[in-house]
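Trainee: So you can see what is in the structure, the chains are spelled out below.
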Amino acid sequence: MSDTSLHSISRSAEPELKDYFALLKPRVMSLVVFTALVGLLVAPVPVHPFIVFTSVLFIAIGGGASGALNMWWDADIDRIMRRTAKRPIPAGKVSEGEALGLGLALSGLAVMMLALASNLVAAGLLAFTIFFYVVVYTMWLKRWTPQNIVIGGAAGAFPPMIGWAVATGGVSIESVLMFALIFIWTPPHFWALALFMKSDYDDAGVPMLTVTHGHDTTRKHILAYTVLLAICSLALAFTSIGGPVYLIAAVVLNFRFLVGAWKIYKRTTPQAEADVYGAEKRFFKLSLWYLFLHFTALLADATLRAFGLLGGWG
Amino acid sequence: MIRATHELHDRRWGRNFGLGLILLAFVAIVFGMTIVKVGKGEDVLGTGMVNQEAGQ
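Each protein sequence line maps, in turn, to chains Y and D. Using my numbering, read the first sequence as starting at 1 and increasing by one per residue. Using my numbering, read the second sequence as starting at 315 and increasing by one per residue.
If you are wondering where the hints come from, they were derived from the structure by calculation, not from laboratory data. Note that CB positions come from ideal geometry on N, CA and C, so glycine has one too. A hint or two may mislead.
Examples of chain Y residues toward chain D, derived with CB under 7 angstroms [as the list claims (entries may be wrong)]:
1. L17
2. F50
3. T212
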């Protein structure tokens, strides 16, 4: 690079390391790390701690890579929406080409390293997750159907299944139910948020259920998914990874979640506006605890089992 | 020759230093993985030599 060009570069054109890190959606990565780790630790096959560390790391990097590819593809709508306007590409810190390059490179690296660290099933599942999130969700369905949140939720639901595959080398009813738990949890979680957040998805041309079908339909959907979620959550309690801690947590959390969904279902928009969407906000906050405590309870039962205490059913 | 350190150089230095640390961490991870795998007697390179040696 010549001296002239070096001095003509504006501050925003020279990205820092943290800008590249922001492309990986660190907040989403934290959920990926936690659920993948639980999926791995509750599996009946012990794994060397260093392999646990590296596997979870590369699952997280794979998740981050799909985030970078998502930002590359969605750069046009990210510029329009207030919530996403500060992301590295719309903010002018990182170019679209760099995001694409980083996403592709890290995707390949993460899948390859996970295959080396664990096995081909886990690596294949990670590769499919990246493909599903980037191609099926981001490129294909996100801007096409108001069920986009449902489909997008599947990508976020894979990490515990990958973690389980790292330990066992396969897929089982336990890992499928862990997948289902996050998959079915995602729509009510996001739709509750969409009810009380003034969203600019409409300006960006992204069909959100609250906009395409209205708030009343969204309320019905939240209740329906919450009922399905309760069934999935309780079913998991009676598998080999369930235990008394999980069962108690699931009963309490699902009862509260169902009550919250019922309240949202019975309300009308004027009623919700009258109390500034109080019930929706409480439901959203509870949804965060719901998922965290479910996976924590699974981990607690696994720990009790490891010490030969009351955890687990046998 | 440019003698004064431009603010741009400082930021690039930070980025390069960070990247260097990441690469070092990557080397350490690959090394650690190799130690663990070889320690467990796994056939890391898929040559079949580990099984042959174990059978001898």
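Trainee: Does the interface hint hold: is T212(Y) within less than 7 angstroms of chain D, judged Cβ to Cβ?
Mentor: Cβ of T212(Y) sits 43 angstroms from chain D, so the hint is violated.
Trainee: Tell me if the interface restraint on F50(Y) is satisfied: Cβ within less than 7 angstroms of some Cβ in chain D.
Mentor: 5 angstroms, holds
Trainee: Close enough to count: is the Cβ of L17(Y) nearer than 7 angstroms to one in chain D?
Mentor: 4 angstroms, holds
Checked against the numbered hints given earlier, the structure breaks only hint 3 and satisfies all the rest.
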